[in-house]
Amino acid sequence: MSDHAVLHVKGRILVGPDEVRDELWVVGGRICYDRPAGARDLTTVTGWALPGLVDAHCHVGLGTQGPVDADAAEKQALTDREAGTLLVRDAGSPSDTRWIDDREDLPRIIRAGRHIARTRRYIRDFAHEIEPEELVAHVTQEARRGDGWVKLVGDWIDRDLGDLAACWPREAVAAAIAEAHRLGARVTAHCFAESSLRDLVEAGIDCIEHATGLTEELIPLFAERGVAIVPTLVNIATFPQLAAGGDTRYPRWSAHMRRLYERRYDTVRGAHDAGIPVYVGTDAGGSLAHGLVAAEVAELVAAGIPPVDALSATSWGARAWLGRPGLAEGAPADLVVYEADPRADVRVLAAPRRVVLRGQIMG
Numbered sequence: 010m011s012d013h014a015v016l017h018v019k020g021r022i023l024v025g026p027d028e029v030r031d032e033l034w035v036v037g038g039r040i041c042y043d044r045p046a047g048a049r050d051l052t053t054v055t056g057w058a059l060p061g062l063v064d065a066h067c068h069v070g071l072g073t074q075g076p077v078d079a080d081a082a083e084k085q086a087l088t089d090r091e092a093g094t095l096l097v098r099d100a101g102s103p104s105d106t107r108w109i110d111d112r113e114d115l116p117r118i119i120r121a122g123r124h125i126a127r128t129r130r131y132i133r134d135f136a137h138e139i140e141p142e143e144l145v146a147h148v149t150q151e152a153r154r155g156d157g158w159v160k161l162v163g164d165w166i167d168r169d170l171g172d173l174a175a176c177w178p179r180e181a182v183a184a185a186i187a188e189a190h191r192l193g194a195r196v197t198a199h200c201f202a203e204s205s206l207r208d209l210v211e212a213g214i215d216c217i218e219h220a221t222g223l224t225e226e227l228i229p230l231f232a233e234r235g236v237a238i239v240p241t242l243v244n245i246a247t248f249p250q251l252a253a254g255g256d257t258r259y260p261r262w263s264a265h266m267r268r269l270y271e272r273r274y275d276t277v278r279g280a281h282d283a284g285i286p287v288y289v290g291t292d293a294g295g296s297l298a299h300g301l302v303a304a305e306v307a308e309l310v311a312a313g314i315p316p317v318d319a320l321s322a323t324s325w326g327a328r329a330w331l332g333r334p335g336l337a338e339g340a341p342a343d344l345v346v347y348e349a350d351p352r353a354d355v356r357v358l359a360a361p362r363r364v365v366l367r368g369q370i371m372g
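Positions in the sequence shown are counted from 1; adding 9 to them yields our numbering.
Don't take each hint at face value.
SDA-like, lysine to any residue: derived pairs with alpha carbons at most 20 Å apart [claimed, not checked]:
| id | residue 1 | residue 2 |
| --- | --- | --- |
| 1 | Lys84 | Asp105 |
| 2 | Lys19 | Arg30 |
| 3 | Lys84 | Leu51 |
| 4 | Lys84 | Arg117 |
| 5 | Lys19 | Leu51 |
| 6 | Lys84 | Gly300 |
| 7 | Lys19 | Thr53 |
| 8 | Lys19 | Gly38 |
| 9 | Lys84 | Ile118 |
| 10 | Lys19 | Ala349 |
| 11 | Lys19 | Glu32 |
| 12 | Lys19 | Gly37 |
| 13 | Lys19 | Ala337 |
| 14 | Lys19 | Ala48 |
| 15 | Lys84 | Leu297 |
| 16 | Lys84 | Ala359 |
Here are the in silico distance ranges between beta carbons for each label pair [what the hints assert, rightly or not]:
| id | residue 1 | residue 2 | range |
| --- | --- | --- | --- |
| 17 | Val310 | Gly25 | 16 to 26 Å |
| 18 | Asp256 | Pro334 | 45 to 55 Å |
| 19 | Ala81 | Pro249 | 20 to 30 Å |
Hint data in this document are derived by calculation from the structure and do not stem from the laboratory. If you're wondering where the values come from, they're calculated on a predicted model, not measured in any experiment. Backbone N, C-alpha and C define an ideal beta-carbon position, used for all residues, glycine too.
Let the sequences and hints guide you as you build the complete structure.
Okay, structure coming up:
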């Protein structure tokens with residue numbers, strides 16, 4: 010559109026779960042709720058509009074073998090965009106994706122730098138693999154490289170134990186999280202099991218990824234400290250397959266993974282009911298496909314989270330948590346338009362009618 014062109018979105022504008030407007034205009038890439046005077050080249054889109062969706066656990070630039078080239082990263086970002094994901098919290102990537110920030114047609118990314126893992130305790134070529142005495146230095150480095158987040162690997166299989174186990178001593182994570190906070194960064198951690206959670210939360214962590222090990226005993230601690238979780242249920246769906254692959258060599262680990270999978274919905278519902286903030290993340294990248302945000306929202310609903318709350322976990326609430334605007338006056342026009350009300354049926358999210366990024370209709 011030209012400098013004076015205007016995009017008109019009309020129908021139902023879901024500014025918030027209970028705040029609905031009839032129309033908005035996009036002028037110069039920004040949202041306006043008053044019809045602009047002298048507008049020309051008017052383009053009208055009708056339907057139910059939401060803020061651009063959020064995938065709060067995604068890995069752009071990461072493939073099954075580690076970092077991918079720019080062409081592959083571009084395809085990942087475009088796939089997310091076509092699904093309506095216009096804001097990504099990249100929860101760890103070994104690739105430099107800063108070039109994406111210069112592309113007007115690709116989602117906005119909030120980076121957590123590269124994963125920080127214990128030596129030989131994560132997927133090869135994904136993370137910095139270090140020992141506890143190096144943790145503060147690496148957290149400092151990744152806090153400066155990222156966009157206000159740092160990602161730890163909190164637990165992984167201990168091959169000598171034959172099961173999941175915590176990766177870091179409590180004193181090491183406490184010092185590392187304190188340093189990240191001093192630098193203005195929040196910290197999150199990959200955690201499948203139960204064993205690392207108390208130490209991480211009491212050390213001041215801000216978020217836990219997956220959180221399948223959350224127990225009734227730990228839920229009040231998370232709620233009291235306001236620690237968010239990003240369950241990535243579309244990823245947890247792969248646990249039975251992973252467990253089957255370890256039955257012979259690591260039967261204890263396999264049985265543990267199956268238990269975590271079997272109680273996954275109860276875990277997420279219990280967290281939500283206790284007031285723990287829950288956000289949508291797909292864990293796309295690595296072995297999981299991009300563009301699964303609608304499937305993850307549907308999984309939260311299947312777990313027993315009310316549809317409007319599940320919707321907020323990828324829209325209004327998620328954007329507020331990440332410090333990014335929604336459909337506010339003057340905000341960048343990043344929005345998705347649907348045929349029907351997604352509050353009534355979240356399956357609508359799987360079929361965006363229009364995707365508008367930086368004020369431009371995509372596709």
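Restraint status (C-alpha distance of Lys84 to Leu297 at most 20 Å): 14 Å, holds
Given pair status - Asp105, Lys84, alpha carbons within 20 Å: Since the Cα atoms of Lys84 and Asp105 sit roughly 15 Å apart, the hinted pair holds (cutoff 20 Å).
Proposed proximity, Leu51 with Lys19 (alpha carbon, max 20 Å): Holds, at roughly 12 Å.
C-beta pair Ala81, Pro249: status relative to the range 20 to 30 Å that was hinted: 28 Å, holds
Hint consistency between Lys84 and Ile118 [alpha-carbon to alpha-carbon, up to 20 Å]: 15 Å, holds
Pair hint outcome, Lys19 versus Arg30 [Cα-Cα no greater than 20 Å]: Roughly 9 Å separates the two Cα atoms, so the pair holds.
Hint consistency between Lys19 and Ala349 [alpha-carbon to alpha-carbon, up to 20 Å]: 13 Å, holds
Verdict for Asp256, Pro334 (Cβ pair) under range 45 to 55 Å: 48 Å, holds
Range agreement (Cβ of Gly25 with Cβ of Val310, hint 16 to 26 Å): Once the Cβ atoms are compared, 19 Å apart, the range 16 to 26 Å for Gly25 and Val310 holds.
Given hint Ala48 paired with Lys19 - CA-CA distance at most 20 Å: 16 Å, holds
Satisfaction of hint between Glu32 and Lys19, Cα-Cα up to 20 Å: 4 Å, holds
Hint consistency between Lys19 and Gly38 [alpha-carbon to alpha-carbon, up to 20 Å]: 17 Å, holds
Taken one by one, the earlier hints fail for this structure only at number 3.
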